[in-house]
Amino acid sequence: MLNNGHKKCEFGEDIVAYLYGEMPAAGRVLFEKHLAMCHTCTDEFAAISDVRFSVFEWQRAEFAKLATPEIVIPYPAKSGVATTGLFDGLRGLLSLTTAVPVIATLLIVLGVGYIFFVRQSEPVPVAVQSPVEKPSVASPQPVAATPEIATVAPPANTKVEKATVKRTPAVPRPFVAKRVAPQVRLGNDVAVSLTPAARKAPVLSGYEDEDDTSLRLSDIFDELGAKRPD
Amino acid sequence: MWADLTDEQLVEKAVRDDPEAFGEIVRRWERKIFALCFGMLGREDDARDAAQEAFIAAYRNLSRFRGEARVSSWLHRIAVNQCLTTKRRAKSRAEDFFDDEDGSEERIFVAAPHHSPARKAEKGERMELVRHAVRALPTDLRQVIVMKEFEEMTFQEISDTLEIPLSTVKSRLYTALKQLRMRLERTPVEIV
Numbered sequence: 005m006l007n008n009g010h011k012k013c014e015f016g017e018d019i020v021a022y023l024y025g026e027m028p029a030a031g032r033v034l035f036e037k038h039l040a041m042c043h044t045c046t047d048e049f050a051a052i053s054d055v056r057f058s059v060f061e062w063q064r065a066e067f068a069k070l071a072t073p074e075i076v077i078p079y080p081a082k083s084g085v086a087t088t089g090l091f092d093g094l095r096g097l098l099s100l101t102t103a104v105p106v107i108a109t110l111l112i113v114l115g116v117g118y119i120f121f122v123r124q125s126e127p128v129p130v131a132v133q134s135p136v137e138k139p140s141v142a143s144p145q146p147v148a149a150t151p152e153i154a155t156v157a158p159p160a161n162t163k164v165e166k167a168t169v170k171r172t173p174a175v176p177r178p179f180v181a182k183r184v185a186p187q188v189r190l191g192n193d194v195a196v197s198l199t200p201a202a203r204k205a206p207v208l209s210g211y212e213d214e215d216d217t218s219l220r221l222s223d224i225f226d227e228l229g230a231k232r233p234d
Numbered sequence: 632m633w634a635d636l637t638d639e640q641l642v643e644k645a646v647r648d649d650p651e652a653f654g655e656i657v658r659r660w661e662r663k664i665f666a667l668c669f670g671m672l673g674r675e676d677d678a679r680d681a682a683q684e685a686f687i688a689a690y691r692n693l694s695r696f697r698g699e700a701r702v703s704s705w706l707h708r709i710a711v712n713q714c715l716t717t718k719r720r721a722k723s724r725a726e727d728f729f730d731d732e733d734g735s736e737e738r739i740f741v742a743a744p745h746h747s748p749a750r751k752a753e754k755g756e757r758m759e760l761v762r763h764a765v766r767a768l769p770t771d772l773r774q775v776i777v778m779k780e781f782e783e784m785t786f787q788e789i790s791d792t793l794e795i796p797l798s799t800v801k802s803r804l805y806t807a808l809k810q811l812r813m814r815l816e817r818t819p820v821e822i823v
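Chain order of the listed sequences is X and R.
Be aware that the first sequence starts at 5, since it is given in the numbering used here, and climbs by one per residue.
Be aware that the second sequence starts at 632, since it is given in the numbering used here, and climbs by one per residue.
Take every hint as true, because none was put in to throw you off.
Straight-line distance between alpha carbons at most 25 Å, and here's what the computed DSS-like set of lysine-lysine pairs gives:
| # | chain 1 | residue 1 | chain 2 | residue 2 |
| --- | --- | --- | --- | --- |
| 1 | X | Lys37 | R | Lys663 |
| 2 | R | Lys718 | R | Lys663 |
| 3 | R | Lys751 | X | Lys69 |
| 4 | R | Lys722 | X | Lys37 |
| 5 | R | Lys809 | X | Lys37 |
| 6 | R | Lys754 | X | Lys69 |
| 7 | R | Lys754 | R | Lys663 |
| 8 | R | Lys751 | R | Lys663 |
| 9 | R | Lys663 | R | Lys644 |
| 10 | R | Lys718 | X | Lys37 |
| 11 | R | Lys809 | R | Lys663 |
Pair ranges (Cβ atoms, derived):
| # | chain 1 | residue 1 | chain 2 | residue 2 | range |
| --- | --- | --- | --- | --- | --- |
| 12 | X | Cys13 | R | Gly698 | 22 to 30 Å |
| 13 | R | Glu651 | X | Glu14 | 36 to 44 Å |
| 14 | X | Glu36 | R | Asp676 | 16 to 24 Å |
| 15 | X | Glu14 | R | Ala634 | 33 to 41 Å |
| 16 | X | Val33 | R | Glu699 | 22 to 30 Å |
| 17 | X | Ala65 | R | Glu816 | 19 to 27 Å |
Think of the hints as simulated: they come from the structure by calculation, not from any bench.
Don't be surprised by glycine CBs; every beta carbon is placed ideally from N, CA and C.
Construct all of the structure, not just a fragment, from the sequences and the given hints.
So this is what it looks like as structure tokens:
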């Protein structure tokens with residue numbers, strides 16, 4: 005543009021940058037100084053500002069007041085089942101048919117292995133030497149379900165022979181089914197059974213001598229007529 | 632009454648014997664001066680105040696008008712000086728609160744109050760003219776106008792979007808506004 009017909013100003017882009025507020029601060033100061041002195045640029049700036057304001061007013065009047073439309077995207081309806089391809093079902097079927105035999109085979113192998121292991125770990129009947137019987141020991145009462153043991157009692161003062169124990173294979177290993185209360189031999193062939201009830205200690209709290217029915221050593225001595233040790 | 636007189640004749644008449652002739656000057660140029668102030672200040676209320684101050688300053692200095700330049704140029708210069716004064720005042724006020732050295736000024740466009748039915752009609756007619764003028768622009772020029780005014784994109788964003796240099800964006804926008812001005816001046820709006 006010509007400045008008073010003499011000087012050509014090249015501020016076209018600067019006018020636009022200044023108009024839209026996108027000019028750096030330093031450039032803005034220079035442009036304003038030029039604008040205050042140059043009639044041509046001032047008139048040009050005024051004209052461009054006028055047009056720009058007209059466009060702005062048009063935009064504000066016709067566009068800015070319009071409500072933003074609600075955009076609706078027609079997405080495909082979601083179903084509970086995931087979409088599968090043509091071969092997905094077939095692939096799933098194949099995987100199922102391969103998994104079932106493998107699992108069945110594993111179960112069979114494990115079952116056979118377990119049975120084999122149990123058989124192997126089962127005790128084999130062996131001949132057991134019967135120990136020399138000790139005559140004076142009050143052993144616990146045998147249980148009725150004990151296996152039949154054929155014991156050959158050796159004669160007194162004779163050499164102990166080997167005793168053979170025969171077990172029927174069907175009978176399980178002997179075990180003590182009941183625990184019999186131990187007996188205390190006190191003498192005169194009197195045995196006192198120390199049952200758990202008899203061994204029950206008196207309750208210390210709220211102790212009443214009349215209420216105490218537990219077995220006492222003094223009672224035993226009294227019963228036996230023995231002299232109480234002092 | 633004064634419609635047939637030129638701007639210079641109106642100023643001469645206002646200085647000589649009829650101060651109200653200046654009213655016709657105001658009526659003819661108020662919008663353009665307001666647009667100039669709006670372009671410089673970016674705020675509609677500030678622009679309105681600056682335009683008011685500019686016309687008052689012009690009226691008080693009517694006797695100094697020598698006729699060396701056109702009245703419009705004289706008014707433009709007064710308006711520019713008024714805007715610069717307004718900016719300096721605003722800057723000195725803002726310095727109490729924050730540093731405005733980066734030049735990032737708030738540019739809020741607030742709706743202007745509508746004054747009269749005649750102005751509304753004038754505005755509606757002008758809107759129609761602007762619409763037609765924008766539609767008549769070549770596509771590459773209309774593109775940058777729409778991106779700048781409607782989408783409020785920066786020059787750099789337009790440059791990135793259209794994959795053209797930054798200077799091309801500015802020159803296209805400048806050319807677009809000049810073409811719009813020519814189209815709008817060819818069909819002046821009759822003021823009711």
